[in-house]
Amino acid sequence: MRSAGKAAPLLEVKHLKKYFMTSSGPLHAVDDVSFTIEAGKTLGIVGESGCGKSTLGRVILGLLEATDGEVIYSGENITNANKRRWKELRKEMQIIFQDPMSSLNPRFTVTECIAESLRIFNVCKDKKELNRRVFELMRTVGLDERLAASYPHELDGGRRQRVGIARALCLSPKFIVCDEPVSSLDVSIQAQILNLLQDLQKENDLTYIFITHDMFVVRHISDDILVIHLGCIMEKCSSDELFERQLHPYTKGLLAAIPVPDIDVPRIEVMLEGELTSPINPKPGCRFANRCIYAQERCFVEFPALEEVFPDHYVSCHFCREINKLV
Amino acid sequence: MSLLEINHLNVQYITSEEVAHAVNGVSLVLEKGDCLGLVGETGAGKTTTALSIIRLLAEPPAKVINGEILFNGQNLLVLNEKEMRRIRGNEISMIFQDPMTSLNPVIPVGVQIAEVIRQHQRCSQREAMERAGIMLEKVGIRAERASEYPHQFSGGMKQRVVIAIALACEPKLLLADEPTTALDVTIQAQVIKMMVELRKQYDMTVVFITHDLGVVAEICNKVSIMYAGEIVEYGSLHDIFKNAGHPYTKGLFGSLPSGGKAKERLEPIKGLTPNPVDLPSGCKFHPRCPNAVAECREASPAPFEVSSGHVIRCRLSK
Amino acid sequence: MADDAIRLKKMANGQFAVALRQFKRNRMAMIGLVMLGIIVFACVFQHYLTPYDYAIQDIPNRFAPISLKHPCGTDQFGRDLFTRILKGGQISMLIASTAVMFAAVVGAILGATAAFFGGAYETVVMRFIDVMMSIPGLLFAAAISTALGDGIDKAIIAIAITRISNLTRIMYSSTLTIINQEYIEAAQAGGASTARIILKYIIPNCLAPMIVQITLQLGITISIICSLSFIGLGVQPPTPEWGSLLNVGKGYIRQYWPMVTFPGIAIGLTIICCNLIGDGIRDALDPRLKR
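Protein chains in written order, with our numbering: chain D, 1168 to 1494; chain C, 21 to 338; chain E, 45 to 335.
Simulated from the structure, these hints should not be mistaken for laboratory data. Don't take each hint at face value.
Only pairs whose alpha carbons sit at most 27 angstroms apart, straight line, appear in this in silico DSSO-like list of lysine-lysine [what the hints assert, rightly or not]:
id, chain 1, residue 1, chain 2, residue 2
1, D, K1419, D, K1208
2, D, K1341, D, K1369
3, C, K213, D, K1208
4, D, K1292, E, K113
5, C, K192, D, K1369
6, C, K158, C, K220
7, D, K1295, E, K113
8, D, K1295, D, K1250
9, D, K1419, C, K52
10, D, K1250, D, K1369
11, C, K283, D, K1341
12, D, K1184, D, K1292
13, E, K244, D, K1294
14, C, K290, D, K1369
15, C, K213, D, K1419
16, D, K1258, D, K1341
17, D, K1208, D, K1181
18, E, K294, E, K113
19, D, K1254, E, K294
20, C, K220, C, K102
21, E, K113, D, K1258
22, D, K1181, D, K1254
23, C, K262, C, K290
24, D, K1369, D, K1419
25, C, K102, C, K158
26, D, K1250, E, K244
Cβ-Cβ distance ranges computed for the label pairs, FRET-style [as the list claims (entries may be wrong)]:
id, chain 1, residue 1, chain 2, residue 2, range
27, D, N1448, C, K102, 34 to 40 angstroms
28, C, S36, D, E1243, 56 to 62 angstroms
29, D, A1472, C, M120, 33 to 39 angstroms
30, D, S1201, E, A239, 52 to 58 angstroms
31, D, E1259, E, I153, 51 to 57 angstroms
32, D, S1201, C, Q145, 54 to 60 angstroms
33, C, D118, D, N1371, 35 to 41 angstroms
34, D, F1467, C, M120, 29 to 35 angstroms
35, D, N1448, C, K283, 55 to 61 angstroms
36, D, S1190, C, D118, 23 to 29 angstroms
37, C, R146, E, K68, 43 to 49 angstroms
Computed from a prediction, not measured in an experiment: that's the story for all the values here. For glycine and all other residues, C-beta sits at the position ideal for the given N, C-alpha and C.
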């Protein structure tokens, strides 16, 4: 993911861990995750529910405290930054949420939602400038000005999500965590929002972490992809590489399971039996072992380290080469 | 005689403030053994149509204005509640989207299956529980788990139980309202494969409501595309996927990130789905249609059969 | 878009505007509101409405029959009962509203902070509230009133203390629901301070259940005040308070029924109105009942 001679990455995450203490034991939501992202790129994080992808996004943004590991933004270690430093960082690092209904204050109008950060940081001199900036943002995200005084419950999902995007943009951030921003939207609205996000990225040189469970969306929008299962990285490589040759059994299973809207393509294959387990008190060994059709004894005992099998293509699997018939 | 025939169904939701036109003149025909994909986005009227078939609409505020729903020749809309109850669970079953809330949390799953059996067929509690165990095995759950409660099952398992309940009396028609939307993709694959198997085993007719064209390609043989309460295109799987004619259908395919090359800009349909309270005049899709002409605003186009069994509601399809 | 236009539109479609429209449609609630309005008006302007003084005795006129001159009759000292009931209403409702307001402020702060900050503070506060809730309201009020002594101000404090637990609970559960919503997280991600979050995000969203509870508590509080005076605590004669009027009147129930009946009707009517209004507000704010 980093070619020689390129500039230092915008975000570097090193061995990040987030454990929650529950009555049944520690819940390993994020377990030893490392990656880097260059400025202007999109990292897609894909996995099923409960895999820790949302938690990862929130830890990076300081909304949750990391249990261990480092988050380095623009060369600065922000992992345990204090409240004051975070207030400054908020101007550069923002988040777009999945559910536009619950992520907007029902008591605020569209204007108030968008203007909130502008007010907190006292960016605008007076009310006129504030309104002007809000209308500018609304135009940028494709919201009609006459919706300025509407409440979230009066708008549909797509428009609410645009409000969420305008809110994230208001302080001109450099880095945005998009936490499943299109998952709750209809297909045609989804496409509009995806286009919008891509346009904004190009115009403002934004860097995205794009969290989703939808493999097609992640392929469409990401430069690099992280496949996560139960808090651990299973596979890490560029987006093109992942779809051309998946090496990890979980990735293969995921792709095989997705129904493709094309009747000429082979039908879905159920490669992963069983249920998603919870990451509480995980047993030693590979987190994927109990669902893996290739699992051997070693998989249940020894945790597979992330290995660079091809240049910039990392896989966490003991038998990756054998499964894929590589030498 | 077709198994299910809907003729010019019109359903509205009437409140003190406004009237929502949820279903506007829907007609369709299902033969035995068909699996019809009822495709559309939020607010298209798919769930309302299904609820009208099984007569579970909340009336008020819903009201069936006119139309008929013929099930094996019998108009379901004129039956009284008692007669309808004999049909529900027995000849027509429905499964819903959210498995978390579809099951009664205080009754063991085996008993919930047995309840349906005893409702419609004469047999003792023990016999019914035995058959419940068999149903559980059929959907891939060990029969010993019949005494467990819903909270002891995961989402995918719960949905299998829901399917077991729906199929317990071997209904002729199954209405499935987005049954896999709330499931993870690998679990969804398992449930879809199971439904395909069961459909073959029971030779069942299914109306499968979804917004996911991928799932439609997996499981359906006929497809109806719904928009603003109308069926705008209708045909076989091949017709819709290979020869889609209606601009909305084409727009749906164009919106998908799976089609075309990755990272190229998508071609979404501009605008938003209309509010059922305030539908556009003429063709309901005309404000968003790239090919709209003046005619489209004036009158709603009549359905036109472009090839055998493939019907499109668009002036420009002629 | 002009500022005014935005403000007007906000007023038209804001939560309270919509709720008000819904409330107006509820006939029983409107009846309750109008009746309570009349009662409050009459009590507040008692001085102008009746020609009598509530304290001056007029022995020859004692136990007067009901007439236009004395619509509720007179008491054992000849004082016009209608005047005393209106004056008593002033006192009862003053005590009730002040007590509830006081309890609401304390309860809101306790409940919101307990839910927001959690930890040991939350445990201590909520367990304390649990203990307070386990003591029957009237008994609790009576005990505190006895300890504090007589007088309107002490009655207000005694009753306010007994009402705190209910309001704290409501605020606590509303806050808990809200802090789990994503928009609180969004506010934090946007750089909002804790104080801003509590003031602009949490409290406005908790107002609805609090208002309902406050209105319902008004009715309960009136009944507690009256009960306290009935048993001789809180407000003492000659201050005419509904409860003490009832207390005195019960001694004459055989010979002169108006002394017991009319204060009783006043109490009952007021409480019914408070309940109707409270129910109406709750229904009006319930989003599910809108369609």
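We went through each hint and held it up to the structure:
{"no.": "1", "hint": "K1419/D - K1208/D", "result": "holds (25 angstroms)"}
{"no.": "2", "hint": "K1341/D - K1369/D", "result": "holds (12 angstroms)"}
{"no.": "3", "hint": "K213/C - K1208/D", "result": "violated (37 angstroms)"}
{"no.": "4", "hint": "K1292/D - K113/E", "result": "violated (67 angstroms)"}
{"no.": "5", "hint": "K192/C - K1369/D", "result": "violated (54 angstroms)"}
{"no.": "6", "hint": "K158/C - K220/C", "result": "holds (13 angstroms)"}
{"no.": "7", "hint": "K1295/D - K113/E", "result": "violated (64 angstroms)"}
{"no.": "8", "hint": "K1295/D - K1250/D", "result": "violated (31 angstroms)"}
{"no.": "9", "hint": "K1419/D - K52/C", "result": "violated (37 angstroms)"}
{"no.": "10", "hint": "K1250/D - K1369/D", "result": "violated (31 angstroms)"}
{"no.": "11", "hint": "K283/C - K1341/D", "result": "holds (21 angstroms)"}
{"no.": "12", "hint": "K1184/D - K1292/D", "result": "violated (42 angstroms)"}
{"no.": "13", "hint": "K244/E - K1294/D", "result": "holds (19 angstroms)"}
{"no.": "14", "hint": "K290/C - K1369/D", "result": "holds (21 angstroms)"}
{"no.": "15", "hint": "K213/C - K1419/D", "result": "holds (17 angstroms)"}
{"no.": "16", "hint": "K1258/D - K1341/D", "result": "holds (8 angstroms)"}
{"no.": "17", "hint": "K1208/D - K1181/D", "result": "holds (18 angstroms)"}
{"no.": "18", "hint": "K294/E - K113/E", "result": "holds (23 angstroms)"}
{"no.": "19", "hint": "K1254/D - K294/E", "result": "violated (67 angstroms)"}
{"no.": "20", "hint": "K220/C - K102/C", "result": "violated (31 angstroms)"}
{"no.": "21", "hint": "K113/E - K1258/D", "result": "violated (75 angstroms)"}
{"no.": "22", "hint": "K1181/D - K1254/D", "result": "holds (23 angstroms)"}
{"no.": "23", "hint": "K262/C - K290/C", "result": "holds (23 angstroms)"}
{"no.": "24", "hint": "K1369/D - K1419/D", "result": "violated (31 angstroms)"}
{"no.": "25", "hint": "K102/C - K158/C", "result": "violated (30 angstroms)"}
{"no.": "26", "hint": "K1250/D - K244/E", "result": "holds (20 angstroms)"}
{"no.": "27", "hint": "N1448/D - K102/C: 34 to 40 angstroms", "result": "violated (54 angstroms)"}
{"no.": "28", "hint": "S36/C - E1243/D: 56 to 62 angstroms", "result": "holds (59 angstroms)"}
{"no.": "29", "hint": "A1472/D - M120/C: 33 to 39 angstroms", "result": "holds (37 angstroms)"}
{"no.": "30", "hint": "S1201/D - A239/E: 52 to 58 angstroms", "result": "violated (37 angstroms)"}
{"no.": "31", "hint": "E1259/D - I153/E: 51 to 57 angstroms", "result": "violated (35 angstroms)"}
{"no.": "32", "hint": "S1201/D - Q145/C: 54 to 60 angstroms", "result": "holds (58 angstroms)"}
{"no.": "33", "hint": "D118/C - N1371/D: 35 to 41 angstroms", "result": "holds (38 angstroms)"}
{"no.": "34", "hint": "F1467/D - M120/C: 29 to 35 angstroms", "result": "holds (32 angstroms)"}
{"no.": "35", "hint": "N1448/D - K283/C: 55 to 61 angstroms", "result": "violated (41 angstroms)"}
{"no.": "36", "hint": "S1190/D - D118/C: 23 to 29 angstroms", "result": "holds (27 angstroms)"}
{"no.": "37", "hint": "R146/C - K68/E: 43 to 49 angstroms", "result": "violated (59 angstroms)"}
Checked against the numbered hints listed earlier, the structure breaks hints 3, 4, 5, 7, 8, 9, 10, 12, 19, 20, 21, 24, 25, 27, 30, 31, 35 and 37; every other hint is satisfied.
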